[in-house]
Every structure is written in C-alpha cells, then in structure tokens.
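Peer 1: With chain A held as given, fit chain B onto it using these hints.
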Amino acid sequence: MGRTQIKENREMTTVVKLDGLIKKYDNKAVVDGLSLEIREGEIFGLLGPNGAGKSTTMNMVCSLLKPTAGTIEVFGYNNRKDINKIKPLIGYIPQDLAIYDNLKAWENVELFTSLYGIRGQALKDAIDESLDFVKLNDKRNAFAKTFSGGMKRRLNIACALGHHPKLLIFDEPTVGIDPQSRNFILESIKAANKKGATVIYTSHYMEEVEAICTRIAIMDNGKIIAIGTKEELKDMVRKDKNEDISLEEVFLTLTGKKLRDYTEG
Amino acid sequence: MSRIITLTKNYLKLIFRAKSVIIITIVGALVVIAALTNVFHTLLDQAETGEDFTIGYEMSEDSKYSYAEDYLKEGFEDEGLTVVKYDNADPEKLLRDGSIDVFIDFGGDDYSITGRSNAEIDARIVQYVLYNVDHVMNGDTGSTSVNTGSIEAAEQPDADTYYCIVQTVYFASLCSVFLCLIYITERRQNIGIRFRSSTASGVHTYLGKLIACVLTTWLSMILITGGLVLFLFDIKLNHPVLSVAIMMFTTLAFIAFGMLFFIIFRNTAASIGLLFVVIWFWGYVGGCFETYMLSSVSQTVKQMSPLYFVNRTLVELSVNGSSYYLMPCITVLTLMTVISIGLGMFITAKKKEV
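Sequence order for the protein chains is A and B.
Using the numbering used here, the letters of the first sequence correspond one by one to residues 534 to 798.
Using the numbering used here, the letters of the second sequence correspond one by one to residues 1106 to 1459.
Chain A on its own, in the form it takes in the complex (with noise of 0.2 Å):
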C-alpha cells in the first residue's frame, strides 16, 4: 500500500470511525448501535464493567469479528471492502496471551511479522526492535515458556509490533502481571504514542486509564453511555466545581455498584 494514499486518508486525522455498529447473538445485541471516532495520536481509553462489549468492538475494528450491522473505516478503509488494507495498519494485543510456549522469543517475532509480508533484513530489523521496545532482547533466544507472566505479556506486544503499525489496541495488557511488568507496560504505549501510533487501551484498572489516556469513553450494554476527557467525565459526575473525584468513582456512578455477572457466548 502506497504511503502517499495512507496521507491522503488520514486528512481527516479520523483513524477509526464508527457508524451505527451493532452486533447480536442470538438477537441479543452485545453492541447497540456504536457511533465513536478515534483521531490521530490519542490514546483512546475504553471501559466499562464485564460484557459491556468492549472487547466485542475492539474485535470488530481488529475484522475478527463479522459485524451485524453498522459501518467500521480505519484509517478511511471501510473494513468490510478494504480488509488486507486495514489489517497491516493494525497491531492487536489480545487480552490473553497468544504466543507459543515452544518457540524462542524471536522466533514468536519473526512468525507473527512475517504473516504480513516482512521479510529479509526488515524482518530481521524488525525482530531487534521489537524485542529491544519491550527490552527482551536479551532473552531473544529463551524459550517463552521459561518466561514469567511479566515477560509473556512483553513477549505478547512485541509479536503486534513487528509491521510497524499504525493503531496499536491493546485489550486487558496488564491482567495478573506484578507492578514493575505493569508499569513497564504502560510506559510503554506512552512511548509507542510519542513515536506516532495511536492507541485504543482497555482495562478494568482505572488508575491505569487515568494515567495514560488521552480520551476515555466508558461503555455499558453496547452503547457508549459517556465520552470526554477525564476531566471532562469528571465533571459530568462532579456536585461541585471544587469536589475531588476519581475516575472510578465517574465509573461507578455511571455505571453502576451492581454485580455484574457475565458469561461468554
């Protein structure tokens, strides 16, 4: 794909536009009707509590998933027509770790790379930067089944960056990892953000949003129930100017203190 028409569509600087997107099993809609736009350079926060359909859309952006209805463009590419444009532009972190335990640590880079074409000294260079972003390269020839939790899930953003893409989603990175892990993480996407990606972060960790993103929209039974900056939601909760209040506070009272049990499928 041509760098040039990549310009062209980011005029706009929209790098991912939502249009009414629905998605139903079984004539239940896990996403109702989702309208949002994601620009350039932000890094956009998604929360909601357990089956609110975050992951669900992120998904769906990623063309894993088939929507029911509702238009998806990333980077001005419609993702139904324009699929093996969009998928390059993309580098996704799934929230459970997909990599594979039998390979060494560049050998999980230089697979998942080379699927979108990179080959030769790009993918060997590739490979280095990888591993040196999330500081791995010295463990490049382990196993990654001799790895802790903290180094998988380094392992695991390392394999989406390969293809240098452009939006970076990043579901859930930091579940079950120790601080330092954590902190690395998050340090990370800052970094990534500052060398030009976007990013779309979720989490359940509210101080995590907090400290990272730019833009944060909260989700409820599909449908996007508040979006703003942090201060912006805030506000949206605030009694008074002066009152000090946490996001998870904003969270709660949006969304509610009920249990929310939920169960795929």
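The hints are simulated quantities; they were obtained by calculation from the structure and are not laboratory data.
One or more of the hints may lead you astray.
As the list claims (entries may be wrong) - Listed below are the simulated EDC-like cross-link pairs for lysine to aspartate or glutamate, each with C-alpha atoms no more than 20 Å apart in a straight line: (1) B:1118 to A:640; (2) B:1456 to A:559; (3) B:1118 to A:634.
Everything numeric in this text was worked out from a predicted model, so none of it was measured.
Peer 2: Relative to the frame of chain A, chain B by itself:
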C-alpha cells in the same frame, strides 16, 4: 506463497521439538511390525505349503462325470483337498484373487484343469486324482480329452514382506497424530487470533499445517521407518520408486483426511479419538492386522477401506511385480485427497468470520 513457507517452517519446528512423539511413533511402528511378523509367520507359511488347497469345479449337465460327482469329491477330500462347486463361475477371477488354487471344468466327454502358475504341484495332484477316477470309471483314459493351463495369479507374500509393508502404511496413515501437536498448541495458546488479525488467510494456515505434517511423516515413517524395515527384515521391493510414491501419496491423503476431523471438531480429544477409530476400522478390514488373503471379511467390506487398496497394491507389487489394484488404489487416494483438501479449505475459510 512466502506465508505458506513461513507457516510450514514454524509447524515443522513445533513438531520436531516434540522429539519424544516422533521417536515413540517410529519405535512403536518397528515393535509392532516385528511382533506381527513373528506371530503370523507360521500362519502364512502354512498357507504356502500346498498341503491344503482349494479346488473349484463346474460340472455341465451332460458330463459323463456327473454321476460320479460324489465319488470325485470324496476322492479329493481323501487327499486333504477342499472342494467347492460353482455355477457359471469366472475361473480366471477366482484364481487371480486367490479364492481357489485349481479349477476343473467338466465338459461332456472331457475336462480341463486350470491352476495358478504358482500352484503346479496342486494341479498335478488334481490331475493324478482325476486320472485314477477316470481309470476306474472308463478303464481306458486315452479316450478322455484333458486340457491343462495356468493363470498368472498373485503369489502369496511371506509374513515379513506382508507386515513390513502394511504396517509401515498403517503407521504412516496414523501420523495425522502429529497434527494434534499443532492444534493443541494453537488452541491452548490462543494463536488463532494472531493469524486471523494478520494478512495470512485461512488457506495459508491450512496448507502450512498440511505440508508440515506430510513432510514430517514422509521423513519419519516412509524414509526412517520404511528404510529400517527394509534393511532389518531384508525386504525386496520390485518397484521401489513406485511403492514409495504410493506410500507418499497415501500419507498425503490420510493427513488431509485427518485434518478434516481437527477442523470440524473444536475438541481435539474428540478429533483424535474419532480419527483413530476410523483408521483402525479401515486397517482392520483392509488387512493391516489379519491378512487380506486369509481374512473372513467380505470383499465388499474390504473395499470400503482405502487401506485395502493400498496394502494390496503394495504387497502385490512387491511379490509379483504388478498389481491389478494399482489404478483403483490411485483413484481412491486421489478422490480422498481432493475431497479432503477441498472440504478442509472450504470449512476453514467459512469458519473465519470476516
């Protein structure tokens, strides 16, 4: 194409890193071959001795021998021969497929004896018995016209040749087990999401798995196990290139067939279990345990098994240098391969949501 090569390389790494599975498969095949060869040695040797053989005959209504039919049967049975009467039989077919060793066609005033080319002694015994009967009945045997002939029929293989060939084929057909190494890893480690979010298509991942598994089986079962078996048991193949080519084709067909199970069923254990049952059944009726020559399974049931065609072709090629089953075997394997790959790719593409 480059994505298929990349994926094939990756799957080969994963399979070869599970060395224990490959070693167990190779050693297991050798042990089973040695055991079956040993156990069935006596049985197959007995079948070859000529001490007990089967005579088929047909008696025309106006034959001068018809009134002595019971006496003839008695005479043959006293010599330890099994006698089967046929009506409108095709002696050539019966002799070729080994149902009988000698066929006697009693005409009006004559009879003709046709035997398998490798059953000369049997034919001579029959001729001797008939001569005696004729002598008692007619006194002067010079008035009876006797025709003798022979049919090029299948040689019977010895136990070493038979089991070395069919068990190498059987274990090669079971090698779709290598696929479970790939599928279990991919499903447990959630790898599918990476493939689906990349620009690699379902066809790329399908072909990557198929090629890796086929290459591994060719190397481990056809070359290593097959080579060791030929060397250790001193088996001579009449047509080594053709025989190896058929084994390689069989591997491709069975792995493509095995992949269908893994694609259709999400549950890997269910896939493996069902696949084993199907291949075991085909092996059972196709002569992988009980030889197809001595098996009591009907011909119709035998022909339900692709392994019957493969075994019969390879054994006959090895023993006789040719086989009437060659073309049916290639046809069956081609159908199996084309249908399995076509269906496999279709289902893989359908399962990919977008």
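Peer 1: Does the alpha-carbon distance linking residue 1118 (chain B) and residue 640 (chain A) stay inside the 20 Å limit?
Peer 2: holds (10 Å)
Peer 1: So if I understand the rule, the pair passes when the alpha-carbon distance is 20 Å or less; does residue 1456 (chain B) with residue 559 (chain A) pass?
Peer 2: holds (18 Å)
Peer 1: Sort out whether residue 634 (chain A) lies within 20 Å of residue 1118 (chain B), counting only the CA atoms.
Peer 2: The given pair, whose Cα atoms are some 12 Å apart, holds under the 20 Å limit.
Violated hints for the displayed structure: none, as all numbered hints are satisfied.
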